[in-house]
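Protein chains in written order, with our numbering: chain A, 1 to 830; chain B, 831 to 942.
A couple of the hints might just be wrong.
Listed next, with one range per pair, are the computed distances between beta-carbon atoms [to be verified]:
| hint | chain 1 | residue 1 | chain 2 | residue 2 | range |
| --- | --- | --- | --- | --- | --- |
| 1 | A | Pro123 | B | Ser932 | 34 to 40 Å |
| 2 | A | Leu807 | B | Val869 | 37 to 43 Å |
| 3 | B | Gly867 | A | Gly424 | 24 to 30 Å |
| 4 | B | Gly867 | A | Pro123 | 55 to 61 Å |
| 5 | B | Gly867 | A | Val30 | 25 to 31 Å |
| 6 | B | Val893 | A | Arg427 | 52 to 58 Å |
| 7 | A | Leu75 | B | Glu931 | 38 to 44 Å |
| 8 | B | Asp849 | A | Ala25 | 29 to 35 Å |
| 9 | B | Val893 | A | Gly298 | 54 to 60 Å |
| 10 | A | Gln475 | B | Ser932 | 56 to 62 Å |
| 11 | B | Val893 | A | Arg121 | 23 to 29 Å |
| 12 | B | Glu931 | A | Arg44 | 42 to 48 Å |
To be clear, the hints were calculated from the coordinates, so they are not data collected in a lab.
Computed from a predicted model, the values in this text were never measured in an experiment.
Just so it is clear, CB atoms sit at the ideal spot from N, CA and C, and this is done for glycine as well.
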Amino acid sequence: MVRSSRKDHGYRRGYRRRHAARWIAGSIAVYRCLLIVYPRSFRRRNEARMIETFADLCVDAFVSSGLRGLLVLWLRTIGDLSDNGLSARRNRRPDSSAPQRGDLMESFLVDLRYALRALRRSPGFAAVAIITMAVGIGANAAMFSFVDAVVLRTLPFHQPGRLVEVWETFERDELELRNVGYPTYLDWRARSSVFEDIAATTGSAFALTDVGEAQRIPGALADPQYFEILGVRPLHGRVFSESENASYEQAPVAVLGHALWQSTFGGDLAVLGDSIRLNGTSATVIGIMPPEFTGIAGTAQVWLPILPGARVAQLSPALVDNRRARGLRTVARLVPGATIESAQAEFDAISAELRDEHPDIYVTRGAVILSLEEQLLGNTQTPVLLLMGAVSLVLLIACANVANLLLARASGRQGEIALRVALGGSRIRLMRQLLTESVLLATIGGASGLLLAYWSLEVLAAQLPFQVPAYVTVQLGGRVIAFAAGLTLTTGVLFGLLPALTTSSTGPAQRLSSWRRAGAPARRIAGLNVRGLLVSAEIALSLTLLVGAGLLLRSFASLQDIEPGFDPTNTLTVSVTLPETDYSIEQTVTFGNQLIDGLRGLPGVEAAGLATDTPLAGGYSAIVVATEDARAIDPEARTRVYVHSISPGYLEAVGAELRSGRDFLPSDTGESLGAVIVSESMAARSWPDEEPIGKRLTRNGTDWLTVVGVIGDIRHRQLVVDTFLNPDDPDVYFPLAQARSRNLSVVVRSRGEPLALAGPVRRLVQEMNRNLPVFGTSTMAELVATELAINRASARMLTLFGVMALLLASIRSSCCAAISGAAASAIPHW
Amino acid sequence: MIQLPLRPIEFQILLILADKESHGYSIIQETKKRTGGRVRLQPGTLYRAIQRLEDAGLIRESVARPSRESDDQRRRYFALTEEGRSVAADEARRLADLVRESRDAGLIEGTS
C-alpha cells in the first residue's frame, strides 16, 4: 500500500474518529429519548443497560459500514422499539389483549407497528416515497450546510460581530474603495475612540529557504495588536511586541502557523528562538499560532511585524512612510456599544481633519467602515440563499409528490379503511394512523436524505468554489441535522395531512359501496379535486425552477461571451520572486532575459514572456500619469491608470491584440524618452480623435515616455466589471527592464497541453537558482474558469434542481397508477 | 417463576452465560455468531428477556468485574445463578429428548 504521508494519514484518521464520535453521540442521545416508549418500571431497571448496548452497536455499525451501517441499525431499532415497547406495555397488565384507553404511547406504538407492517407489505411504494423524500430533504440539508457556513455561522474569531474593516475611499466619478497607507492608518489609530484598537495588515508570500526544498509560504504582515483584536493567542511562544515593529530596517521576528510548524519543522518546539530564512532575510521565530488560526484571509502560515516585514516582503519603504502610497487593509474591534454608524460618523470627522491638514493629499479621500463578516462572506450569501430558495421548491415538489402517492395508495386501501371505520374506528384514530405512516415515511426518507447530503457535500463543495476564507468550512453540523429533522417532521405531517383528511372524510357505507363499485374515485376536499390540484402545483413549481435555471444559464452563457482581451487557451503562467538580498535590479533584468531565452528553447513553447502581473491573477498596482496634451491645458491634469511592466514577447504569449504600433523591443530599456504601450481605452480617453502613436506621457512630470503601441483592452482585474472594487481604469504597459520589481510572472504559450510545460518550466527556473520557489502555476483557462465559477456553479446547481424536480414529477405520474392498483389488490375482495 | 419450555432467546442467553459471564453487547454478538447471522438481537428484545430471566432468578447482574485488560470496566456483566444452570440443564435435556425422538421417528439423520 502506498502511504503518501503518515502524518496526513493520522490526521485523516483522527478527523474520521471525531466525526464518527459525533454521529454516535447523536444517535445515543436520540435513542435515550426514544426509550420513553417503554413503561417507566422497565426503563428504571434497563435504561442504562440498553443505552450501553446500543452505544456498542452504534460503534460496531459505524466501524463496519460507516453511516450506511448506522442507518440500517436505526431501521432495525425502530422496529425493535415499536414491537418491544408495545409488548412491554401490554405485559404490565393482567389483561393484555386490548389497548388501554388513554394510553397514548401504546396506541402510538400500535400505529407505528401497523405502519411498519403496511410499508413492508408494499415495498415498491415505500421505496419510491422514501427515495423521493430522501432527494428532497437531502438536497435541502446539503444546501442548508452552505447557508449555515456562510450566513448563519459567525467567523471563528472572538465576538466577530464587533470586527470591522476601515477602507479608504477615493472620490472620482463615483466612490471607490481603496487600501490605506501606513501614515494615514496611524492617524486613524491615534484619533479614533470608537475602536478598542485597529491594526494594519497585508497579505504577502515569502520564499522559505534553507529548510528542505525551497517553498513559497503564504503569510501576512501585521501590527502587533492584530492578534489581540481578533482575540487569538499563540499556542506556543508569543506574538510581536511594539519594539519589534519599530522600524523598516530592524531585524524581523516571525510567528509561524501551526500547519507550517508541523509540516516543515516537524512540530519541534526547538524552532522557537531559531532563525529562518524568508526571502533571503533571517527572521527569529518567536511564536506558533493555534491550528485553527490562519489570519483573516484564511491562508497565512507566517506573520511578520509590518515595518520590518515590509522590507522582508520587498515592499517599498514608501508603503510605510509615504502618505500617498496605499497598500494595506485594516481590521478593528468596535468598543462595546459602538455601531458601524457611530464609527462612520467619527471617521467622517477624522477624514475632514485630515483634509484640512493635508489638502493636497486628502481632497478626494475619505474612509468607510464595513463589517468584516460582510466583507468576507457578503458576496457568497446571495447566491447561496438563492439556491436555498430553489432547492426548497424541490422539497415542495417532493412533498406534493409523496402526498399524491399516499392519496393514490389510500384510494387502493379504501376497502381496508372502510372496514376499520365500519368496525368502530374513529375518524381521529384513522387520521392518526395515516399520519403515523406518513411521518414514518418522512423519517426514514429524512434519515436517508441526511446520508445523501453527507455523501454529496464533498462533491457540492467542489462544485461551489465560493471565494471564502479557508476556515469557513461546509459541514453537516448539529444545526443542519436539526434543520433536516424539522423539515422531516413538517413534511411528514404536511404530506400526510391531505390524504388523512380526504380519506377519513366520508362515511363507511358510502366508502364501502363506492370502492366496490368503481375503485378509486377522485379525492375531494370542499369540492376541489385534491390530486388534480397537487399535480398542477407540482407542474407549476417544476416550471418555475426550470425557467429560473434557464435564465441563469442564459446569463452565464452571455458571461462566456465576454471578450477578455487575451487568449486563455494553451497558456501557462507561473511566478517567481527574486530575493532582494541576492538580486540587484540589474541582475533581475539579466535573470529575466536568460529566463525568456531558456523558455523559448523549451520544446512545445510557441511564445514566452514575463510581466509583473498576469490577467486575473491578482497583484495590480495603479499610478497617475499625465499626457503631454493634457498638461498643456492644465498643469495639474492627471489620469489614474493601472500599470503593468512587460517583456518583449509577452503580448504574443498572452494573446493580446496589437491595434497599432509595435511591441517592446529588447532595446526599449532607457527611462528617459523610453517607450510605452497603452490600452485602447487609454488611447480613446487621452487622445480621442488623434493617432496615439508618438504621443507622450509622464509619471513624474520630468521623464517623458513615447507611446509606441496600442493594444486591445485586457480584462486584468475581473471579467465581470465591478466598478466599486475595481473601477475600469485604463492600462499602461512599461518595459519590464524599467520596472524595479523582482516579482516575475512567466507566461508561456504552448503548442499542446499547457500544463505539460509546468514541469520543464519549474526545472528551468531551479537550474538557474535552486533556492527560487516556483509558485502560482495555473493555466490562463483555469483563471478564467475560476472567475466564472460562481456563476457557472449557480447555473449548474439550479439546472440540477430543475432536473430533479422534473424527475420527481415524472416518478409521480408513472407510479401513482401502479401503486393504487397494487394497494387495492393487496386487500382480498369479498 | 419461569416455566419450561424456555423461549429460544432465553435458552440462548442461558447457554451463552453458561460459558462465561457476558455483557449485553457480547451476548448479541455471540448469538449472531452461533446462529450464523440469522438472529440479530436488538436491545429491546435482549433486555426484556434478561429481565424475565432475572425475575425468575436464573441470572443476575454480576458484581465482579473482569480484569482491566480483558474488557471495559464500565460494562454491566450478567452471570448464571445455580438455579439458572439447573433450569438450563433441564431445558437442554428436554431438547435432547426431543431430538432423540425426532431421530427415532426418522425425521432427521444421526444416531441417538
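A quick look at each hint next to the structure:
Against the hinted window of 34 to 40 Å, the Cβ-Cβ separation of Pro123/A and Ser932/B comes to about 36 Å, which satisfies the hint. In this structure the supplied range 37 to 43 Å holds for Leu807/A paired with Val869/B, their Cβ-Cβ distance being about 40 Å. The hinted window of 24 to 30 Å between Gly867/B and Gly424/A is violated, with their beta carbons roughly 43 Å apart. Against the hinted window of 55 to 61 Å, the Cβ-Cβ separation of Gly867/B and Pro123/A comes to about 22 Å, which falls outside the hint.
In this structure the hint that Gly867/B and Val30/A lie 25 to 31 Å apart at CB holds, the actual value being about 26 Å. Here the CB-CB span from Val893/B to Arg427/A is close to 55 Å, well matched to the stated 52 to 58 Å. For Leu75/A and Glu931/B, the hinted distance range of 38 to 44 Å is satisfied, since their beta carbons lie about 40 Å from each other. Under the hint 29 to 35 Å, the C-beta atoms of Asp849/B and Ala25/A, about 33 Å apart, fit the expected range.
Range check, Val893/B to Gly298/A: Cβ separation about 55 Å, and the 54 to 60 Å hint holds. Between Gln475/A and Ser932/B the beta carbon distance is about 59 Å. The supplied range of 56 to 62 Å therefore holds. Checked against the given bound of 23 to 29 Å, the beta carbons of Val893/B and Arg121/A, roughly 48 Å apart, lie outside it. Between Glu931/B and Arg44/A the beta carbons are some 44 Å apart, a value that agrees with the proposed interval 42 to 48 Å.
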